[in-house]
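Go by the hints and put chain G onto chain S.
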Amino acid sequence: MFDLFSGSWIIVALPFAAFAAIGLFLHRWPKAAAYTSILAMALSTLWSILIAIQVFTAAPGQVFTAAVRWLEMPGLRVDMGILIDPLSAVMLLVVTIVALLVQIYSLGYMEGDPGLSSYFAYHSIFAGSMLGLVLSSNFGQVFVFWELVGLCSYLLIGFWFGRDSAKEAAKKAFITNRVGDFGFLLGILALAVLFGNLDYQHLAMRLTDYHNLAVLLPIALLLFAGPVGKSAQFPLHVWLPDAMEGPTPVSALIHAATMVAAGVYLLARAFFIFSAVPQAMYLIAVVGGFTALFAASIALVQIDIKRILAYSTLSQLGYMVMAMGIGAMTAGMFHLMTHAFFKSLLFLGAGSVIHAMHGEQDIWKMGRLSAKMPVTTWTFVIGALALAGIPPLSGFWSKDEILLGAFSRGHLFLYGLGSLVAFMTAFYMFRLIFVAFFGSGTKGSHAHESPPVMTWPLLILALLSVVAGFVGSPLLGNVFGKYINAPGAAHHEMNIAIMVVSSLLAAGGIFLAWLIYQKEVISHLELKQRFASVYEILYHKYYIDELYARLVAVFIDGSARVLEWVDLKIVNGLVNGLAYFTGWSGKQLSYTENGQVQTYALYLFGGVLVILVGAVLAVYYTVLA
Amino acid sequence: MQSFHILTVTLMAPLLGAVLIMLTPRNNEKLIRYIAAISTFISLILSLVVFFGYDHSVKGMQFVESVPWVGDLGVNFALGVDGISIPLLLLTNLIGFSAVYASWHTEERVQEFFSLLLLLIAGVMGTFLATDLFIFFLFYEVVVVPIYILVIVFGSSKRVTKEYAGMKLTIYLLIGSAFLLVGLIALFVKAQAMLGYPSMDIATLATVQYPVEFQVLVFVLMALGFGTLLSMFPFHAWSPDGYAGAPTAVSMIHAGVLKKIGGYGLIRIGIFILPAGAKLVAPVIAVLAIANVVYAAFVTLNQKDLKYIVGYSSVSHMGYVLIGIAALNLISLNGAVMMMFAHGVMSALFFAMIGNLYHKSHTRNVADFGGLAHQMPRLAFGLMLAGLASLGLPGLVNFVGEFTIFVGAFNEYRVLTVIAVSGIVLTAVYILRTLGDVLFGPRKAEWDHLQDLRGVEMVPLIVLGLAIIIGGVLPFTVMDLINGGMGQLLASTNLIQVGGSL
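Protein chains in written order, with the numbering used here: chain S, 4 to 628; chain G, 1398 to 1899.
Bound conformation, chain S alone:
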């Protein structure tokens, strides 16, 4: 058994090896590159499954760690380590399974793309970095991989680099994340300086008898800045919708299922820090809750299939963050897992549609896809039902756990907010489905079902979206919560009333969408006109992108212009002025060297006179003193 664990670095190393192999040798053979990447991923997946089996058959609470020295000096140590406990085991499963399915799906989706080798190379390095992040044993290591997954995200968003929009989106993603990482890094620095050690387990031990809130509060808030960027929470959410410029499988893997969930994972991993600071927890809950509502409201009116899903991802990430903030760490991680399955399913389904529609992403230009693309349609519907939280699909159980947590911890406002978001989620998802798959548009009738290499991953993910929730459901005794929990996070007994209310809200959302977009009992055009101003604000995402662009133009670029002027005119100006003055005074003084002996004699006389007067004065003062 222990060989399996001590060799687990291979899970991380294999995708990196595939990346190196493609980069160095295989970039001219796209097929070979793709299969190398998939093979490495399959082996990592297999290994992860074996590990997960061990972890979840052993008694809860067992931890395996290993570490090698990476950067060491007196007072600072960063290891490259491995930490396997139930929390990382769940993440291993989620990341490897989704990554493998997405890579297989990409064989069909990306077929014939001239950059196929690079595409798979980037996927490999992403998988390696993400798995390294998941297995990290300390904050230093997590920051390293945290930034590397950010790089992969940058490379894959900008994969079609010939498009200006892709170029801009990639840049925006990286820079926005950097703003969050600025805080994250400061938090890590503070921990390093305070404790001289960044290891999770070591810190957890030290923090049990460290109660200086004045120090812990800023650290917790700074650390939280990392997840705000990576998991795209308000106000750093702006990059995620634009990230949809990347190929759709990338959106499914990185910008829905795995990388964006890293922030939530970090909150769970460092839960011992956050949970020690109630004020920080409250802020986290509020930020998450607000993001959930805010993003859901935008998703109501978007017309681009991927953007609707992107705002939905934002909203669901907000849900998870809110769960962490109210202390329901188990529920947050549970939702992370189920969301990974059904949201990657939805994105891959959307990709299948876009593939069939030759790049069309406007839902109003689709319609009647259900007739031509049965597999895509019905798996998409399953994903949407899971997301909406219809029992007994996976999303129902995990969403219910979060609402239950909020309710039983007395966060009634957040409970109400969460329920409202659940209703909105059901509505916007089925708006999408009724318009794109069952709508009266005719363009969709030219579509065709995608090849099996794309539909099989859809079917597997659909299956997971249905069943994954049972591991955390009261029906199976909440196995998930037995393994994944935090000290002090009490479990709550199931509450039938909450289940019924949330199911009814979800059903209500679907019903309303059906009335408006399928039966057209209520005209959506009329609604749009009547609430034109609200519609405009939502459609333009509350004008936040415009606001940020303006702030950057005024403050960042404005300062840049001012300071460049200072540099050229003042700092350089002084130097040039000094040089000019030297030249000028040389020229003036050169008039004194006119070659006439009389002039020189005059200087000599003057000099002697000055010396004499000086000497006399000196003697006079010395005598006087």
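Derived from the structure by calculation, the hints contain no laboratory data. This structure is a prediction, so every number in the text was calculated from the model and none was measured. We treat Cβ as the ideally placed atom computed from N, Cα and C, and that holds for glycine. Watch out, some of these pointers could steer you wrong.
Claimed, not checked - If the Cβ cut is set under 8 angstroms, some of the chain G residues that face chain S in the computed set are: (1) Leu1785; (2) Gly1792; (3) Val1804; (4) Arg1830.
Using the frame of chain S, we list chain G on its own:
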């Protein structure tokens, strides 16, 4: 080891190469290039031997050689290396070797170009090898001559003329060295009075307990001299213009290693010999360092010319080195040396790629480019690698330096370090904007004729790229060396006992 004077040979190989080149018929350009390549290759290999051959268990100066030179002044031709100088020695030769290949296609006055280049490389290397103050200063002065000629003869004129750039560069260097000279003479005279015999040996000078006022005065002189070399605000004005005017190889060597003599001198001579002076002056340097980081980063944001972008960016990154030095603890100083190494390979790669592009396209204006990754994927890779290293991406060597500096500096200067860390955001902004505008976006037909890197043009990318990646993935390879050397240096100064906490 003692029978083979490895450091002397490492140092002399480029000098010998320069002499051989002068003796070669001037139309035999091929032979001239080969001599340059071989002599720098010998130095590179030997410095790798030193890098791997250094005995970590013993620490201190190794591979030492000493020949009495001017007895009355206590001057010895003394060479030696420890954990601080070895990374910089290696850096010099990595860049020197790459610089020869980066200027492979130089066509005018090939003989003069390569012999001056080799002289420059040897001069820079000498400063890192010298354990004698006089020899250190001698080599420092040696670099001024080739730099000046290389810039005004082989440089390029864009925003400023190459004559202006060359003169500005040289005058700044000379003014800096004038401050230094005064400081060094003061040190020597004072030490002679206190020791009773003349000595120029740096380690001997460091044993002298100079009065605190004297230390402050001399350290200020050194901070001015070395600070100017390290482009410390507000003495940085030479740097962007100088790099822009200089030919590619000179930009590489200047930004890559010559600048680092400033940081190296501040540590090896400033802190080592004058700990009390360092301690009292350090807060001022820390404040100027922040000005470097933030001010220069903002100015970079508004630059349009690729060389100016890297030039100002390098001023900004020297702020990290400066605050690492100013924090005066083991961690921060380790970080500062690591950062010097990292910035060296990164900026040299940047300049090599820009030089290659400029050679082919005759422009360095960002707005002229766009979508170059279509035509030049290898060059795009090189620029991306340098750019990502520059913005401190983990896994590449600069991150190690920055992270270590931040941890060390955060111990001493909380607020200043927080401001310094904001540099990682600003750097990301200007680097990604530049890379995006040059490499990505729609293909431009006007650049379809550009030939991607090939053959010898790949050498700088491979050599420097490997250093960037290996240093970043396996940082202990370099950091253990630095940490050993720095620990030794700090242990033999009484830095800790001096003054209160600042």
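Structure-based check of all given hints:
no., hint, verdict
1, Leu1785, "holds (7 angstroms)"
2, Gly1792, "holds (6 angstroms)"
3, Val1804, "holds (5 angstroms)"
4, Arg1830, "holds (7 angstroms)"
Going through the hint list in order, the structure satisfies each hint without exception.
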